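As numbered in this note's numbering, residues 2 to 242 make up the sequence shown, in order.
It should be emphasised that the hints constitute simulated quantities derived from the structure, not laboratory data. Everything numeric in this text was worked out from a predicted model, so none of it was measured. Glycine residues also receive a C-beta, built at the ideal position from the N, C-alpha and C atoms. Keep in mind that the hints are not guaranteed to be accurate.
Simulated crosslink set (PhoX-like; lysine-lysine; CA at most 25 Å straight-line) [unchecked claim]:
#1 Lys-196 with Lys-53
#2 Lys-142 with Lys-66
#3 Lys-142 with Lys-196
#4 Lys-142 with Lys-65
#5 Lys-206 with Lys-53
#6 Lys-53 with Lys-65
Okay, the calculated beta carbon distance ranges per label pair [to be verified]:
#7 Gly-79 with Thr-163: 46 to 52 Å
#8 Thr-163 with His-59: 25 to 31 Å
#9 Gln-52 with Val-218: 28 to 34 Å
#10 Ala-158 with Glu-103: 18 to 24 Å
#11 Asn-125 with Asp-84: 52 to 58 Å
#12 Glu-56 with Ala-197: 17 to 23 Å
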Amino acid sequence: MKFSRWKFNVLLFAMLIGFAVSLQVKNVKGEYQYVPLRVIHDYKVSIESEQKEIENLHRILLDKKNQVKEYEIIKETGGDIEDAMLQELEEQKLIGGFVDVEGPGVILVLNDGTRELFEGEDPNTVLVHDMDVLNLINDLKEAGAEAISINGQRVLATSEMTCAGYTIRINNQVFAQPFIIKAIGDPKTLEAALKAPDSYAQILKEFYGLYVEVNTVLNMKIDKFSEDINHRYLTEVKEGV
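Using the sequences provided together with the hints, build the complete structure.
Structural data, given as structure tokens:
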């Protein structure tokens, strides 16, 4: 019997929790070892994020199938496929982040916490990590954000985020706190996604003590992605070769 991806993720999460709990019981020397609850929570959020990404890929696949059908209809009715593809190209440039855009939305400010640590608490608990930024970006996308930037850097589908000491690297650019995230979309919906009691943003603020500020705006500009995208392995297939 083959396990589905969802069942595998649930099984993996259960194993991780079991492993984390076993670490808390006793180590080899007979001493107790503290495992932050945030580590377990991050595993859970990571799995949920993976599931959302799979759902998003299914939606993209369906959209592409529908697009092929539209091209077939245009061809059958004697329409100009080239014009349709040029129009699609402009739309993809707009959606993909390669043109400047403006509109209403929210501005999220994220910074390290300044509260005092509990006895034995890991100092990293009150610091902003790449996983925090990534989860907030996913929440905004889930709420319908049409364009997102972090400290002026446009977020693309291929954008990578990694920790680099007390900074975060985005699109090979290093940024320090505070992290200012702009998202264009329905302001009320985006704000609700960030201010809901069980949202990731509120968990960071109320449970871990990070600085989180959310404001709605009627209009703002988000710059396009201005750097070249280099593909290390991807090459174009030449006709007749």
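Item checked: Agreement of Lys-142 and Lys-66 with the hint, judged by alpha carbon distance not exceeding 25 Å -> holds, 22 Å
Notebook entry, point to check: Are Glu-56 and Ala-197 spaced within 17 to 23 Å by their CB atoms?
Noted result: Holds - the Cβ-Cβ distance for Glu-56 and Ala-197, about 20 Å, lies within 17 to 23 Å.
Checklist line | Hinted pair Lys-206 and Lys-53, Cα distance within 25 Å | finding: Holds: Lys-206 and Lys-53 sit about 23 Å apart, inside 25 Å.
Next item on the list: Starting from the range 18 to 24 Å, see whether the pair Ala-158 and Glu-103 falls in it by beta-carbon distance.
Entry: holds, 21 Å
Check: When you check the alpha-carbon spacing of Lys-142 and Lys-65, does it fall within 25 Å?
Finding: holds, 20 Å
Next item on the list: Compare the distance between the alpha carbons of Lys-142 and Lys-196 with 25 Å, and conclude whether the hinted pair is satisfied.
Entry: Holds, at about 15 Å.
Notebook entry, point to check: Taking 28 to 34 Å as the hint, is the beta-carbon distance of Gln-52 and Val-218 inside that range?
Noted result: Once the Cβ atoms are compared, 31 Å apart, the range 28 to 34 Å for Val-218 and Gln-52 holds.
Notebook entry, point to check: Taking 52 to 58 Å as the hint, is the beta-carbon distance of Asn-125 and Asp-84 inside that range?
Noted result: holds, 54 Å
Check: Has the given pair, Lys-53 with Lys-65, been kept, meaning a C-alpha gap of at most 25 Å?
Finding: Measuring from Cα to Cα gives roughly 19 Å; hence the hint holds.
Margin query: For a C-alpha distance cap of 25 Å, please report whether Lys-196 and Lys-53 respect it.
Written below: holds, 20 Å
Margin query: Is 46 to 52 Å respected by the C-beta to C-beta distance linking Gly-79 and Thr-163?
Written below: holds, 51 Å
Checklist line | Cβ separation of Thr-163 and His-59, checked against the hinted range 25 to 31 Å | finding: holds, 27 Å
Against the hints set out earlier in the document, no violation occurs for any number.
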